[in-house]
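Residues per chain, in single letters:
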Amino acid sequence: MAPKYKLTYFDARGRGEPTRLIFAAAGVEFEDNRLTFEEWPAIKPTTPMGGLPLLEVDGVTLCQSLAIARFAARDVGLAGKSNLEQAQADMFVDEISELLPKMAGLFFEKDEAVKAEKQKEVEELIVKTYTILEKLSGSAGYLVGNRLLWCDLIFFNIASNVENLKPGTVQNYPKLAKSYENVKLNSRIAAYLAKRKETPF
Amino acid sequence: MPSYKLYYFHGRGRAEPARLMLAAAGLPYEDIRLEYEQWPEYKPKMPMGQAPVLEVDGTMICQSVAIARFVAKESGRAGKTNIEQAWADMMADGFVDMLNKMADYVWYEEDEARKAEKKKTFFDTTLPEFLGYFEKLLVANNGGGGFFVGDGLTHAEAFFLCLSDDIIAEKPNVLSPYPKLAALVERIKTYPGIKEWLAKRPQTPF
Chain A
-2 MAPKYKLTYF
8 DARGRGEPTR
18 LIFAAAGVEF
28 EDNRLTFEEW
38 PAIKPTTPMG
48 GLPLLEVDGV
58 TLCQSLAIAR
68 FAARDVGLAG
78 KSNLEQAQAD
88 MFVDEISELL
98 PKMAGLFFEK
108 DEAVKAEKQK
118 EVEELIVKTY
128 TILEKLSGSA
138 GYLVGNRLLW
148 CDLIFFNIAS
158 NVENLKPGTV
168 QNYPKLAKSY
178 ENVKLNSRIA
188 AYLAKRKETP
198 F
Chain B
17 MPSYKLYYFH
27 GRGRAEPARL
37 MLAAAGLPYE
47 DIRLEYEQWP
57 EYKPKMPMGQ
67 APVLEVDGTM
77 ICQSVAIARF
87 VAKESGRAGK
97 TNIEQAWADM
107 MADGFVDMLN
117 KMADYVWYEE
127 DEARKAEKKK
137 TFFDTTLPEF
147 LGYFEKLLVA
157 NNGGGGFFVG
167 DGLTHAEAFF
177 LCLSDDIIAE
187 KPNVLSPYPK
197 LAALVERIKT
207 YPGIKEWLAK
217 RPQTPF
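Residue numbers (the working numbering), protein chains in the order written: chain A, -2 to 198; chain B, 17 to 222.
Hints in this document: simulated from the structure, not taken from any laboratory.
Given the structure is predicted, the values throughout are model-derived calculations rather than measurements.
Backbone N, C-alpha and C fix where the C-beta goes; we use that ideal spot for every residue, glycine too.
Among the hints, erroneous ones may be present.
Which residues of chain B face chain A? A partial, calculated answer using Cβ under 8 Å [stated by the list, open to error]:
#1 I77
#2 C78
#3 F86
#4 W103
#5 L143
#6 F146
#7 L153
#8 N157
#9 G160
Cross-link-like lysine to any residue pairs, in silico, SDA-like; alpha carbons within 25 Å at most [stated by the list, open to error]:
#10 B:K205 x B:L115
#11 B:K117 x A:P38
#12 A:K78 x B:K117
#13 A:K99 x B:T142
Counterexamples of contact, computed for chain B against chain A with all Cβ distances above 12 Å [to be verified]:
#14 Y52
#15 E57
#16 D127
#17 R130
#18 G161
#19 I183
#20 S192
The shape of chain A in the complex, shown without the other chains (with noise of 0.2 Å):
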């Protein structure tokens, strides 16, 4: 039987890996489609907003990553127990969110000397965002409440983005790095992480 849900992206983490990670720390199967960037321009005018990624789930096509990933978490059981908690988490994930496109725009930057002017302000909006998470941080070694959610692995994915440019910037953050040790350690993440292929981004 086909598996209920059919995940679009490119073959890279980036957008998609938030969802991908939600899936594989529930233990659940999915199709993990991944496009060529020739095959994308074909594609894109039959999405729903023209991006991606996409999920395609009981015939609907839904868009937006982060819809998709809350929607993802929902349905595993990754969302938080409460209305409440639930909030509390999309609060994590909106403010981690942002340090997104910032170090996309990095990654991404030719000229050396605007790549050295965009490290530096990526640098110090990561001391910022941190800042902010370990003060909120929950102490039992997960961001929100005593269990992982779907905020400590979106937070695991771009944290390791983090330790790429940086490596050692959670350890000066002891609850943001229980939480990511946590997720680390999870059986079903290290499992996945130890198959998952490396893309550059």
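Given chain A, work out where chain B should sit, using these hints.
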């Protein structure tokens, strides 16, 4: 019933979607509008040093979209199934993308020439592309004579109204090529609770 306090400035801005959903739900709340001089005193009290913040029985929620979604869920106006909720989120995110692009040239660009250029690109290229998607997505929901999701108003409509207010202020005919979107604006404006709020809300520049 929980007590709600919404902290923001004297403006619609990033608090208005939550205010619209509170109005639609008929939920009483304290609509706290801070003066800029008060902000240094309040900033350290806010979870992420920013506004809007919704305080719910003493718990503070920040991030404007998380707040609007929370309020929507409190009155069952976020979508009935998980898929409907995702659809509402998806639409809201699409509108927020457009609002962020506007904010980029209105608030964050200081160079006048670049400001004008960004605004032109937004209205000539970006916005029409996305209004096209939004019209199509509205029509996909049972012909587009209702709402974006299912058969009721959700936070998708709240964000859409905020976007249309801003783009229509700049370009009054901007929705003429998109008849279903234009008709939806009128439906939102007459929605019980929202209609009364729109009549009494403070008129502010942003």
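Results of checking the hints against the structure:
1. I77: Interface hint status for B:I77: holds (5 Å vs cutoff 8 Å).
2. C78: Since the shortest Cβ distance to chain A is 6 Å, the answer is holds.
3. F86: 4 Å, holds
4. W103: 7 Å, holds
5. L143: At 13 Å from the nearest chain A Cβ, B:L143 fails the 8 Å test, so the hint is violated.
6. F146: Result: holds, 7 Å to nearest chain A Cβ.
7. L153: Holds: closest Cβ of chain A sits about 6 Å from B:L153, inside 8 Å.
8. N157: With Cβ-Cβ at 11 Å, over 8 Å, it is violated.
9. G160: 14 Å, violated
10. B:K205 x B:L115: 19 Å, holds
11. B:K117 x A:P38: 23 Å, holds
12. A:K78 x B:K117: Judged against 25 Å, a Cα distance of about 34 Å means the pair is violated.
13. A:K99 x B:T142: The hint holds at about 20 Å.
14. Y52: Per Cβ check, B:Y52 is outside 12 Å of chain A; nearest 21 Å; holds.
15. E57: Since the minimum Cβ distance to chain A is about 18 Å, B:E57 lies beyond 12 Å and the statement holds.
16. D127: Fine: 16 Å to the nearest Cβ keeps B:D127 off the interface.
17. R130: Holds, because the least Cβ-Cβ distance between B:R130 and chain A comes to about 15 Å, which exceeds 12 Å.
18. G161: 20 Å, holds
19. I183: 17 Å, holds
20. S192: Its Cβ never comes within 12 Å of chain A, the nearest being 21 Å, so this holds.
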